[in-house]
Each structure stands twice: as structure tokens, then as C-alpha cells.
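Dock chains P, D, S and E against chain B, hints included.
Residue strings, one per chain:
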Amino acid sequence: MAKKRQKKRTQNYKKHLGQVPGALVYTGAKDNKQLQLHAFDYNEHDYKEADLSSVEEAFRFKDSETVTWFNLNGLNFINQIEKIGQHYNLHPLILEDIVNTSQRPKIDEYKDYFFIVLKMMYYDESEKIVSEQVSMVMGKNYVLTFQEAEGDVFNGLRERIRHKKGRIRDEGSDYLLYALIDAIVDHYYAIIETMGNKIEDLEDDLFTGLTQEEISQQIQNLKREILKIRRAIFPLREIINRLEKSEGPLIEEKTTHYFRDVYDHIIQVTENIDIYREMIWSLMDMYMTTISNKMNEVMKVLTIMATIFIPLTFIAGVYGMNFKNMPELENPDGYYIVWIVMIAIFIGMVVYFKRKKWL
Amino acid sequence: MAKKRQKKRTQNYKKHLGQVPGALVYTGAKDNKQLQLHAFDYNEHDYKEADLSSVEEAFRFKDSETVTWFNLNGLNFINQIEKIGQHYNLHPLILEDIVNTSQRPKIDEYKDYFFIVLKMMYYDESEKIVSEQVSMVMGKNYVLTFQEAEGDVFNGLRERIRHKKGRIRDEGSDYLLYALIDAIVDHYYAIIETMGNKIEDLEDDLFTGLTQEEISQQIQNLKREILKIRRAIFPLREIINRLEKSEGPLIEEKTTHYFRDVYDHIIQVTENIDIYREMIWSLMDMYMTTISNKMNEVMKVLTIMATIFIPLTFIAGVYGMNFKNMPELENPDGYYIVWIVMIAIFIGMVVYFKRKKWL
Amino acid sequence: MAKKRQKKRTQNYKKHLGQVPGALVYTGAKDNKQLQLHAFDYNEHDYKEADLSSVEEAFRFKDSETVTWFNLNGLNFINQIEKIGQHYNLHPLILEDIVNTSQRPKIDEYKDYFFIVLKMMYYDESEKIVSEQVSMVMGKNYVLTFQEAEGDVFNGLRERIRHKKGRIRDEGSDYLLYALIDAIVDHYYAIIETMGNKIEDLEDDLFTGLTQEEISQQIQNLKREILKIRRAIFPLREIINRLEKSEGPLIEEKTTHYFRDVYDHIIQVTENIDIYREMIWSLMDMYMTTISNKMNEVMKVLTIMATIFIPLTFIAGVYGMNFKNMPELENPDGYYIVWIVMIAIFIGMVVYFKRKKWL
Amino acid sequence: MAKKRQKKRTQNYKKHLGQVPGALVYTGAKDNKQLQLHAFDYNEHDYKEADLSSVEEAFRFKDSETVTWFNLNGLNFINQIEKIGQHYNLHPLILEDIVNTSQRPKIDEYKDYFFIVLKMMYYDESEKIVSEQVSMVMGKNYVLTFQEAEGDVFNGLRERIRHKKGRIRDEGSDYLLYALIDAIVDHYYAIIETMGNKIEDLEDDLFTGLTQEEISQQIQNLKREILKIRRAIFPLREIINRLEKSEGPLIEEKTTHYFRDVYDHIIQVTENIDIYREMIWSLMDMYMTTISNKMNEVMKVLTIMATIFIPLTFIAGVYGMNFKNMPELENPDGYYIVWIVMIAIFIGMVVYFKRKKWL
Amino acid sequence: MAKKRQKKRTQNYKKHLGQVPGALVYTGAKDNKQLQLHAFDYNEHDYKEADLSSVEEAFRFKDSETVTWFNLNGLNFINQIEKIGQHYNLHPLILEDIVNTSQRPKIDEYKDYFFIVLKMMYYDESEKIVSEQVSMVMGKNYVLTFQEAEGDVFNGLRERIRHKKGRIRDEGSDYLLYALIDAIVDHYYAIIETMGNKIEDLEDDLFTGLTQEEISQQIQNLKREILKIRRAIFPLREIINRLEKSEGPLIEEKTTHYFRDVYDHIIQVTENIDIYREMIWSLMDMYMTTISNKMNEVMKVLTIMATIFIPLTFIAGVYGMNFKNMPELENPDGYYIVWIVMIAIFIGMVVYFKRKKWL
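Each protein sequence line maps, in turn, to chains B, P, D, S and E. full-length UniProt numbering puts the first sequence at residues 1 to 359. full-length UniProt numbering puts the second sequence at residues 1 to 359. full-length UniProt numbering puts the third sequence at residues 1 to 359. full-length UniProt numbering puts the fourth sequence at residues 1 to 359. full-length UniProt numbering puts the fifth sequence at residues 1 to 359.
Derived by calculation from the structure, the hints in this document are not laboratory data. Please note: incorrect hints may appear among the correct ones.
[Unchecked claim] List of simulated lysine-lysine pairs, DSS-like, C-alpha gap at most 27 Å:
id, chain 1, residue 1, chain 2, residue 2
1, P, Lys356, D, Lys294
2, P, Lys294, E, Lys300
3, B, Lys198, B, Lys228
4, E, Lys165, E, Lys254
5, D, Lys354, E, Lys356
6, D, Lys300, E, Lys354
7, B, Lys83, S, Lys165
8, E, Lys300, S, Lys356
9, S, Lys294, D, Lys357
10, P, Lys198, D, Lys128
11, B, Lys357, S, Lys354
12, S, Lys354, E, Lys357
13, D, Lys357, D, Lys300
14, S, Lys300, B, Lys356
15, B, Lys300, D, Lys300
16, E, Lys354, D, Lys354
17, B, Lys128, B, Lys198
18, E, Lys198, S, Lys128
19, D, Lys356, S, Lys294
20, B, Lys300, E, Lys294
21, B, Lys354, D, Lys294
22, S, Lys357, E, Lys354
23, P, Lys294, S, Lys294
24, S, Lys356, B, Lys357
25, E, Lys300, D, Lys354
26, S, Lys357, B, Lys357
27, B, Lys300, S, Lys300
28, S, Lys300, B, Lys357
29, E, Lys254, S, Lys111
30, S, Lys254, B, Lys140
31, D, Lys300, P, Lys294
32, E, Lys356, S, Lys294
33, S, Lys294, E, Lys300
34, B, Lys300, B, Lys357
35, D, Lys128, D, Lys228
36, S, Lys294, D, Lys294
37, S, Lys223, E, Lys198
38, S, Lys357, E, Lys300
Computed from a prediction, not measured in an experiment: that's the story for all the values here.
Chain B extracted, bound-state conformation:
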């Protein structure tokens, strides 16, 4: 499995290496069979919604005064993405970044729009962390979102648009951007919750359940997951901060409070991550202590047994010698006296170990 992962990574890098800047190459693993295009167009009075079969259909929404949200699933349909790029006049580097799924989360400010790359994260069925790239372009009156595959993260938001829940229908594209980011950040709570449970479970297992190799492996896995999550979530702080501080006309004054709120959530998530990180390192220490304690106990058992019986065995050995002239052997009570001596030594030793609190 380790082999598999490393091969996959190699492949991605290879794709990237030596390629012309500006060339579009999808570096992800998901080859969607069909392109999914979904468009929303709404204002406070009305909304339109459509599943489209080609990107050209979406362009009619562009110049309307209403807010347009255009979502694309399937980054392997490079041609379609290029068409969108041309239509919305996107910089070539943006298109390159959309399809290169090994991007770090970031924000790029262009004259007419923001480009934002985020990471969706969730645990799959086999309890492994999966990270999917979501790219967003937000301009006046429109937001474009690009996902690797269909997920349900934005479904709640869609319902809110359809049924005019909350204030989303009353606001512009900046509030839509906020709502999209908020939906992704909300899902990070599930990640850190699962991570917290994993740590607590492992903590319980330290003293009881698993073999030492399993524990060692699990601690290592947790460390690696934490590193992966950190890398996906930490850059968000700067992204949100720059959106909040942005002075252009794209983000309205009243929306910055909402971005401030997301920022607080991000800080909370990253603080939790750092706490878990520290707890995992602490687990490692506890585990080392547990091992040392166990070894200590093993040593005590050995020492007690050996220390009690070694002198007794010596005494028995002495009277097993075959010397002609050994007066004790002739003594009719000799055998009983030896037993008394040996029992006395035994008791003495036990008392000694009791005092040392080894027993």
C-alpha cells in the first residue's frame, strides 16, 4: 500500500515536471465519466436553477444583474474548463491551478476577480483522510466553483437558496463566496472530531488492548494525518484574512463581519489541531513510559524469583557434595536443620522485598 501511494505521487510530479507553464494537465486520480454542470441564478425575488449539458449554456447567465453560481464537477474535462476560462477572461495560471490538484490552499487577487483554492477533507469508509481540491473564482455577480467529484457539501447551501432561508438571496456574490467557504470550514469540524475520538480511543488502548507494534503504527499514522490536515487548513487563515482586509469593490463592507466569523472558526479548528498534535506527541511519551514500566515489572519478577532461590539452591548443592568427611550429613537432624535454615532465608528474602515494595 505504501508502494501504491508513492507510485501515485511520483506520477503526479512527473506530469508536472518539465511541462510548459500554462499547459493544462489534470493531476488528480478521479476520472469522472460525465461532466456535471450546475447553475444557479438568483436575486431576492426569484431564482433559476439548471443542470447543463455544456458550458456554453452557462454563458447566458453571465451578464445578468442577478447573482450566478456556476458549479463544475470533473476536472478531467479540460476543454470545457478552457472554454470557461476564455469566456470569463481568466488568467492562464488560474486554469492551470484548477486542474492541478496538488495545489496548496491559496488566494490570488486579480483585477476583476478573486481566485481561491481550498481543500475539502473527509474520512472515507476505511478511515483514511481524503482531501479534494475545490477552486473558486469570485467576480462581480458570479461565483464559479470547480470540484473533482460530486460531493454533498454544498447541498445545504442550495436548499437555502431555493427556499430563501437566511439572508443569502438578499446578498451579492461576496456573501455567496462566504457561504461556500463556510460550508467547507464547517466540515473541518467533523475531521477534528473524528481525530479527537481516534486519539481518545488510542489512549484507552495504551494500557490494555493492542500489541505494541499496532500502537506504534497507529501513533505514526495519527502524526501523519495531523500533518496532512495542518497543511490543508493552516493556509486558510491567511486566505480569509486577506478577503476580510480586501479593499477592492468586490467584497462589501457588511460582508467582512461574516468573513471575520469564518476566520474565528478557522482559528478554533487550527487550535484544536495543534492541541491534538501535542496530545499525540504526549501519547508517544506515555507509551514509552508504559513500555519501561512493563519491563520494570518483568525484571522484578525475575529478580525476586532468582534472588530467593539462588541461595537455597546453593545450600542444597553444598549438602549434595560427596566428601567422605561431612559431619552435618551424619547428624540425624541435619536434614531438618537445613530445611529450617532454608525456610528462614526464604522468609527473610520475602520480608526484604516487601519492604522494598517490590511485592
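The following block gives chains P, D, S and E in isolation, referenced to the frame of chain B:
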């Protein structure tokens, strides 16, 4: 118990996940049966105090020139909180944050008021750290405080208002805000004091009292408590700093010295926390050393006993052999000579170990 | 003793907790029986010096053009301190800070004066670190100093004023402030020197002298002392820096070079503290290594003895068996042959261990 | 081999020590036999390419409006480099830095050009990291590159110029500089990928393959490689940042987006390096745990064997004694009774160890 | 030796403690018997050089337009230094710092000159690090240097002045200052090179050569040396930075490029120091692992020997019992059967350990 905690947390997150931004959901655990509302209205000459039965009663204080302090206990009475929000014209995000008790301490500056979230912390009877959220809204002439449950933290302050102790009655709402924060920060000293005592007790127990598993568990608990306290207290530095540096009309020049004073207290508390943190890590090291020392001692006992008796037992074994022709056995003094040899070896070994300082 | 310290600390916090801000409560442990008041009044031509019996006597110096240095020993005389506060128009928080000896070193800038809190540190006779609070108020033409008890730290400075040594008599109150701080900082060198000696002594003892529990205890004590010293000295960097950078009329341009010089000393002291800190942690590591080495040696002795004699004892055991038919036993040279075999095994083992460098 | 490396380094330092600033001394190890000079001259319409035999031939390109890229392989040809320096009016320190291959990556801004030093890094056949210095001078209309030896890192770029792939032919020398740096940064991905594979391989080997000394050595090697890579790559962040933020006329506005893109790549690479660094330290911990676990297992085997047989051997010893009067020996069933007792002890011990989970 | 060092240090501090600021006390250990004064006076056309017998002779160079470099060896000649101070109008604190050799490297900017304190570092014959203070005063047209004792670090520079090598004769006193600092920084390379060799040697010795106590001692020494070097070199970064950024008339624009170059060298040296620092800590870890590995091996030998022979010895013990009725003993083949059983057990054990990879 670990299971219980994790379930509770899961629940809270679930409540949050996918909810419409702006919707009020109380995420705490305390379901107060009755709403407690308490209002103060004072200036240098006079004061009024009342336990109210509904929030509407409080609104008559609003427009007076006097300073109004309105305290609400019971965050599960969402309707009442919404009414206050409407009356005082609070931003929807503020109401959401008041009832969401998993907030990180923070300050939000709005045009007409400050919104501040703090954490009350105390050890309950079972010596566990409890953290309760206190939210404050401070505007011109009024301060609103929202608590999860009735506590006695502000009682001293109430007495000072009633009996005109100190300068509180002579000052405005900014000084009241200072006094409220100061009351909470003062309680942090009790926390760090208890934490300090716990560490010192554990330090004494390292060499004597508890079993190794208990010590290991207690160190882990202390680490977790420190992390929890840090998370609740560290953001306060920035909060107070921003209040002190605030340039709007809400905080008067002369009050900034008082905020500076609280700031110094916070720094003192956080420094103590960091010192305790370092001491706990250091305890872990000492504990590891203690274990190693104990193992060393066990090993020495085993080694001394084994090393002394192994050659003696060998000698006894030799003369227990049944060879026909063993001249020593025929020697009438043979037995005594062997004893002398064995005693000599014994003494030699003891001297050797004395020199090595193992005895 | 640990108990005693923790009780004292509890007491101090209790005193503080719930007290009206602005109320004066002395939180130190030293109850001076008599108030000591000492005043200096000097310019380049002349100086007056007096031991006063009440603070009122000091007030006549206030309005003179000459530089006045007024020193008070005994923070438990709260009334007197309050009188000074009224006379010099000091902010209530300053008076509170003067008598609250658990202050962190700090500087507060007021309109007409600076308020500075420092920590005098020295090792007492029982080699424990003692920290005493020294507060200073520096205004135009005067410096007030408040000490817990009479110390000799400023005696050198007094001599210099009396005998016009150096430039102190030619300069204003800002130079006097510098000279006072410099005197305190100079004493920190004695602290770090003692600390350095302690570390070197302990380093020597690691391999020879003390029992393992004593070493463990001493390392822990050193760590705690370092933490205490750091806490007292580190804030000074910011204090001096702000004095140097101060732009008001209180600090003259030409004096900033002197503050820069003190600043360099502070940096030197803090660097030494950090180095000692690192050395103590390093000591801990060395100590762990020493323990492991000792255990290794113990194990080797046991292993060598056991490994050599176990096969020999087995051989002796074999020929101690009582089988009827054991041809070797009948052989008249059997006993000698067995001896030869056993000696050969012995030599073989010794050679083996020599090669492994265990002997 | 360690000796060899240290000698080489010594030599380089010696060369540098005491030399006149401004004197050109090549400090690398590669003595190219022949100087390789390669020139490109292009605009959007046309391009010229030439392998030159002397630097003078290159000078004719200088004053053209077209973009000139002049590449030199072989830093030991000091004379030629000096000629270029004179022709392009380079500061003496630049020439010194070009041939001193122990430079740290850096950027120096001069009035008419940028001077940039980078490190090419790759693993050679024996899996050792090789670092080669590449210096670049970028002025209006020209870029000069200086390499230690011929590599293939810029071949892709040359193809793009020849066949007008991408936008390189449409842009100026700033884009060429970007493309050169991008080519080098792209190669860092191969480094971190190999590093990642090495760590994963070692992780697998921890529990199975290698001897402990080999593992210890490999961990040490990985640590050193990480340190080396960090040192070569981390300064790049500042270099790119300064190029992006540069306000002179050399870097056009539109090119800054491309530098921003390279910056993101650098951040990604450095983040990976830090993650690997943490993973290596974590490996060390795991390895220590593995050793402790193994020792624990060894101790258990010894303890079980010794503890079971020591009492049995003692019993056998007792009945091997030669006392005249030992009634058990006369008992015809004595021998069988002793066997029963010994088997009972044996079973009791095994049950005891099963319960302790040692078996 | 540790005693000696600590006494020396104590002495230095004592000298400093309680001294009047501004009083000149030489705190170094070197009492030069004779004052060495050396003066250079040069411009691009000519140079004068003289060994002077008194500082007064030097003053005639002062007001010339030519660059004057005046070097003094022997800080114990306090009178002479005071005369220079008066003549060049140096601030009293500068004179104090020149003779106080426990200074931290620093730069002080005065109106007419810079004052710089640096540390010369080298390994003496007994491989101990020696640090000597070099102070410099650079004003318009002159540089004064003060050394503890005659060294050869500036000899190369003197040659360059005499023979007009490089550009030194063409430049002003700022370039001379650069050249002096550059000469000192160049010598740091020798330090880090020796340090690097020491680390590599120790690394080789870990697995072979030295006793464990020696290794432990050497690691500790290396740590201390690194700390000492860091303390001497790290402040240089800020010093050079401030020279480079200095805006006064003393440093010409064109010289800043040279200071930038020295700055790069300093960064390179400090990076190497940090790498060595990390390598030493890593060595400590490796050493701990080595110890654990060795203990593991010792334990294995013991366990194998004991585990193989303990059951065999038990069997021999059984047939050494003296029961009347032991049928096996009467069996004429009993002895041989027992041997077969014992050999079978032996082989079984060996196979078992082979499978566990302990053999």
C-alpha cells in the same frame, strides 16, 4: 467517561454543522429551568436594581443617561435573547455567538458597541476544570452580560455598585466593562493556584506514593488541563490589547490605564501557565528517570545475588559429581577446605561490589 | 517546605481576589517594624541627605530645582505610601502596584512621570533565590524608590552622590533613574554567576558524588530557579527599550546612550540565562545517559558471570547424576578430563567476551 | 569517505580565507575541460541560436532589442568570466560570487540588473544529493546564466523557445528569468519525492529488514540530507518574494503573477521538507520504541524460563543432598510424588504468566 | 579546570559589580608587557606606516585627508586608551566597553563615529576555543582598532595596503572598516570547519573508539562550544545590517554592497552553526540508541545462554536425586537416553532462537 465526553462533543458539532448562518442554537449542556434577568441602573448619585421577569422590562433602562448593566442567566431561552438583540440592534452573528458556547474568546468591534466573549473557569467539586462562556456587549451607557448559569463571580462587583465602593459609580460603561473583565481575570488566579498545587503534590508523589499507572495518568490529565486553560486565557491578551488601543468614543482615555492593568494580570497568568506547562513536561522527564533508576536498582540486586552465588553453586556442583576417582573427596579436610574457598570467593565478591559502589 | 510555599502563595492570591481595584493591600511577607525613609537632594554644587521620620518631611524637597531621590523601605506602611501618592499626584493603580509584590516587572508611562517595577534578586544564605520588588517613580527633578526591606544594593550609588564620583551629580533625574536600574542589573551578574557555578558543580557530581535521587532533585530545582529568574529579568528588555525610545521631555537625549548600555547588559544576562537553561536540559540528557550506561555495566557483569558458569554448572550436574551405568564415572582419569573440559570452556568464554570488548 | 569530504571542504575554505575581496577563485570541484557557451537571441518573430567558441562572439547580441540568453558552463574559465563581467559592467563582487560555489542562494539588486544565485539539486547514481550552483544576471533584454557543468535542466525551456511553445517568445527577459527559475524549482519536486520514498522505505525496514546499526546510520543520513536541502531551498522564498515585490522597471507588472506562482511552488516544496523533517524525527522515536519493545521481549523469555525452572531445580537439589536421615528418600513413591509436585509448580507458573499476558 | 574557569569568571564579574559607570577597568586575562601601537596613513598615491612608542605620536595623523588606521594591542594600558579617548573625543561608555572584554558584540552609533565590538575566535593548541575582543571606532578618515593581544588576523590586510592590492587604497575609511570586519569574519570559517571535523570524528567514534564516559563528555563539550560561538557570532548579523542600512555620511553608498557581501558570509556561518547544533543533538540521540542497542545485545547473550542451559541443568538435577526407588537410574541405557533428551532440547532451543533472529 471518555466515551461520554466524546459523545457530548459530537452532538455539539452536529448541531453546528450545516446550520444556516445566523440561526440561533444553544450548544451548551446547561438547561436552566428559569430565566434569570437582573438589571442595574446607576450614576454617581443613585442606583436602581431589579430582578426582572421578562426582557421587555429591561428596555425602559435603555435610553437613560445612567449606566445600565443588564445580566441574563440561561442561554437556552433563545427567544428572549433574540428580543434583546432586536431591541439593542445587535448583529445576527452576535446572537449566534452568544448561544454557541464552543466559542473561542474574542472581541468584535461594531460601530456602536463592542462584543466580547470570555470564558469563566473554575474547578468543580470533582477537581475537574469547568469552563463557562460569558458574553458581553458594551455600548454607550450600557453593558449586557450573558451567562450560561448563575455564578457568584460578579457578586463582589454588585456590592461595590450598591455601596459605592471604589470609583465604579463615578465612571461610565467602559469602567463597568473593565470591572467585569477584571472580576473574571481575578478568578483565573484561583485556577493557576490549584494547578500549581496539583503539580507540587504530584512532584512529591513521584518518589513515594502512587502506582506508576496513576502517575502516568495524572501527568496526562495535567497536560490536558493546561492545554484547556491556555486555550481559554491566551486570546484574552489580544482582546484587552484591542480594548486598550481602541480609538473610538466608547473607551475613555482615563480607562485605558485600567485595561493596561488587567493586561498585566493576564500576562502574569499566562506566564504562570507557561511555567506550569514546562514543569509538567519536566515532571515527565523526572518520572522517566525515576523508572530507570528503579530498574537499575532491581538489576543490581539480581546481579549481586547471582554473581555471588553462581560460582559457589558451581563449586558445590563439582564436588557433587560421582566420579570414582576424586582425590579431594577422600581428603578428611576437603570439606572444610572447600568451605574456606567458598567463603573467600564470597568475601572477594562483596569487596568487589563495595568498590563498584553497588552495595 | 513545598507545603509552606504553596500556602504563602495561596494567601497572596486570596488577598488579591475580589478586592476593589485601587485598594492598597501589601501582599509581601516582610513586615518591617519601622518605616525607613531616606532622602537625597543634590545638584552639581551641593547635596543634602536625611533620614526622615515621616513622609511629610520629604515634601519640602519636591519643588526645588535640585534632583531629589526619596527612598522608602517597608511596604507594609500603607498610610505613608498613600500620603506620598497624594502629594506626588500618583495614579491609584500605581499605589496598588507598589504594595502588591507579586507584580511582573513593567513600565507604565504617565503624563508627568514614569512608573517602573523591577525585581531585586539574590541568593540567601540557604542558597535559595529571593526576589524583592523595587518600584520607582521618576518625574521631573525627582525619583521615588520603594523597597520591601533595607538592602545594600544602592549603597554604592549613595557614595557616588556624596563624593561626586562619576557624573551623577552633574546630571538630572533621568541619569539617577539610569544609575538605580544599573545598580540592580549589576546584581543580576552575581545571580547568573552563582547559577553557573551550581551547574558546573552538578555536572561534576553527575559521574561521582550524589545519589540519583539527589541529582534528579537538584536538576529539577535548577530548572525552577531558571524559570524564576527568566520571569524576573526578561521583561526588563522591553522596559529599558521603552525608556531609551521614550520621546517625552523626561529622558534627555544624552542619557539614552546610558540606557542603551544597560540594555546591552540585560541582553548579556538574558543570553546567559538561556545558555544555562539549555545546559540544564542537556544535563538531564547526560544524566539519563549515565543511568543507562550504569545499567549497561551492571547487565554486563551479570551476563559474563552467568554465561561463564551456567555451562560449567551444567557439566557438574551431569556427572552428579546417579545412573547405574555411566562409563565416564568409572574412568580413573574422568574427573581430570572433566576439569580440563571445564577450564577450556572457561577460557573460551573469556576470550569471547574480550573480543566483544565486554571485559 | 567522511575524511574525504572534510578534506575537500577544508580546501575550499582555505582558498577563501585571506584572499583579497574581489579576487576570482573557483572553489568548486568540477574542472571542465572545455568551456561551453550557448547563446539564444529571440523575439516573437524570430530566434537565433549559437554554440560559441569565445565570449567575445556573444557580445554582438548585447545591444539588440531582442531578448538574449547567454549560458556559460564551466566556472573554472575565470578569464572568460572576467571578460563577460567587463562587457556587461558587472560589479566585482558578482564575479567573485559566480565562481565561489559555496554561496548561499541570494538575490542582489543592482541599478541595472538583478544578480541571483540558486542551487540545482539532484540525487546522483549513488543516491547522494548533489548541489550545483547556478548564477543568473538579468538586465534589460538579456539574461546571463553560469553553471558549473552541463546539465539538462534547461533543455525543455530551449525547446519552448525554438518551437515557440507557451508565451516565452512573446515576453521579455523578466519572463525568461521566471522560466529559468521555474525550471530549477520544478526539479526540486524530484528531490522531495525521492526523499519521501526513502523515508517510507526506511519506515518499512524499521520492523523487519536492516540491522540496528544500519537503521541508525540511515536515519542520521536522512537528517543530514534534509538539512542540506533546507539550506539550499529556504532562501528561495525571500528571493522570489523580492523579485515579485520589485518596483524597478526590470520586472513588468504582468510577470509578477508568474513569480507568485513560483513562490507558491517554493512554499509547497518547503512545507514538504518540513513535514519530512518531522517524520524523520518521528522515525527516530519509533525506532527507540522498537528497540525497547525488543528488549522487553528478550527479558520476558529469560524471565519465564528462569522463573519456571529455578524452583524446580531447587527441589531437585534438595533431594540430591546426601544426609543420612532423609525419610522422603526411603519412601518408594517419593520420586513420583516429587515429579507431581514439580509438574504442579510448572503448570502454576505457566498459568500465572498466561494471566499476565506474557505468554 | 572547571574550578579555574569559574574563578576567573567570578573575578571578572566582581570587577564589574558596583563600579562607577564610566570607570575604566580591564577585565581580560592578558597582561601585555608592552603596548604595541601601529599606525597606517594612506591614500591612493602614497602610504606611511609606523610602529609608535606612545599614543601622542599618532595624533599628528588625525587631521590629514588621508585614511588613518591606528591599531593598539594591550588593553591593560588604560592610561593610553584614555588619552586616545580624549583626543578623538570618544564617549566615556566607549572607553569602558573597550577594556571590558566580556562585552557582547554590538554596534553603537554616535554622531561622528561608529563604535563596534567584535569577537575574534580561534582554537588554541589544546583545541579549546579562545575568544578575543576587538573594538573598532570608525570616523571620517580614520579607523581605530583595539585588540587584547597581537594576532595575525590583519596581516593580510596590511599587505594589501602596502602593495596596493585590491581597491583598499582607492577607498575611504568605510571600506577599511569593511576590510577589517571581513578579515575577522573570514576567520570564523576556520572555526566552523574545525567544529565540523570534530563532529564528524565523534560520529565515527560513536560506534567504535571511545569509552562511554568520554563520548558523553565530548558531546557536552561540543554543545558548550557551539553555544559560545553562537553567542559571539549571531549579534554580527544585526551589526552588519545596521552598517549597511546606515544613512549617515560615514558609509558611502558604494560600500554598502561590500557590507551586503559580509552579511551573506555571516548568514552562511550562522546557518552552519545551527546545522552543527542540530547535528550534535542528533548525535546525542544516536548515542542513546547505541547504548540501548548494546544493552539489547548483552541481554540476548544472557537470555540465550540461560534459556538453553536452565532446563538441561534441571534434568541433570533430577537424576542427581537420591531416591531409593528411581527406575530410570537402573535402566542400563538411562544415561544415554538422558543425553539424547538433553541434546534434543539444546537443538530445539537453538532453532527457536534462530527463528527469532536472536542468533
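We went through each hint and held it up to the structure:
1. P:Lys356 / D:Lys294: Since the Cα atoms of Lys356 (chain P) and Lys294 (chain D) sit roughly 11 Å apart, the hinted pair holds (cutoff 27 Å).
2. P:Lys294 / E:Lys300: Holds: Lys294 (chain P) and Lys300 (chain E) sit about 21 Å apart, inside 27 Å.
3. B:Lys198 / B:Lys228: holds (16 Å)
4. E:Lys165 / E:Lys254: Distance of about 19 Å is within 27 Å: holds.
5. D:Lys354 / E:Lys356: holds (26 Å)
6. D:Lys300 / E:Lys354: holds (23 Å)
7. B:Lys83 / S:Lys165: holds (20 Å)
8. E:Lys300 / S:Lys356: Distance ~22 Å between Lys300 (chain E) and Lys356 (chain S) Cα, so the pair holds.
9. S:Lys294 / D:Lys357: holds (23 Å)
10. P:Lys198 / D:Lys128: holds (22 Å)
11. B:Lys357 / S:Lys354: Cα-Cα ~24 Å, so holds.
12. S:Lys354 / E:Lys357: holds (24 Å)
13. D:Lys357 / D:Lys300: Holds. Lys357 (chain D) to Lys300 (chain D) sits at ~11 Å (cutoff 27 Å).
14. S:Lys300 / B:Lys356: Holds: Lys300 (chain S) and Lys356 (chain B) sit about 22 Å apart, inside 27 Å.
15. B:Lys300 / D:Lys300: holds (18 Å)
16. E:Lys354 / D:Lys354: Holds, at about 24 Å.
17. B:Lys128 / B:Lys198: Answer holds: Lys128 (chain B) to Lys198 (chain B) is near 12 Å, not above 27 Å.
18. E:Lys198 / S:Lys128: holds (22 Å)
19. D:Lys356 / S:Lys294: This hinted pair holds, its Cα atoms lying about 21 Å apart.
20. B:Lys300 / E:Lys294: holds (21 Å)
21. B:Lys354 / D:Lys294: Distance ~25 Å between Lys354 (chain B) and Lys294 (chain D) Cα, so the pair holds.
22. S:Lys357 / E:Lys354: holds (24 Å)
23. P:Lys294 / S:Lys294: With a Cα-Cα distance of about 20 Å, the restraint between Lys294 (chain P) and Lys294 (chain S) holds, given a limit of 27 Å.
24. S:Lys356 / B:Lys357: With Cα atoms ~19 Å apart, Lys356 (chain S) and Lys357 (chain B) stay inside 27 Å; holds.
25. E:Lys300 / D:Lys354: holds (17 Å)
26. S:Lys357 / B:Lys357: holds (22 Å)
27. B:Lys300 / S:Lys300: holds (11 Å)
28. S:Lys300 / B:Lys357: Given pair Lys300 (chain S), Lys357 (chain B) holds - Cα atoms ~21 Å apart, limit 27 Å.
29. E:Lys254 / S:Lys111: Holds: Lys254 (chain E) and Lys111 (chain S) sit about 11 Å apart, inside 27 Å.
30. S:Lys254 / B:Lys140: holds (22 Å)
31. D:Lys300 / P:Lys294: With Cα atoms ~18 Å apart, Lys300 (chain D) and Lys294 (chain P) stay inside 27 Å; holds.
32. E:Lys356 / S:Lys294: Given that 27 Å is the threshold and the Cα spacing comes to 11 Å, the pair holds.
33. S:Lys294 / E:Lys300: Distance ~10 Å between Lys294 (chain S) and Lys300 (chain E) Cα, so the pair holds.
34. B:Lys300 / B:Lys357: holds (11 Å)
35. D:Lys128 / D:Lys228: holds (11 Å)
36. S:Lys294 / D:Lys294: Cα-Cα ~20 Å, so holds.
37. S:Lys223 / E:Lys198: holds (18 Å)
38. S:Lys357 / E:Lys300: Roughly 21 Å between the alpha carbons, so the hint for Lys357 (chain S) and Lys300 (chain E) holds.
In summary, this structure violates none of the numbered hints.
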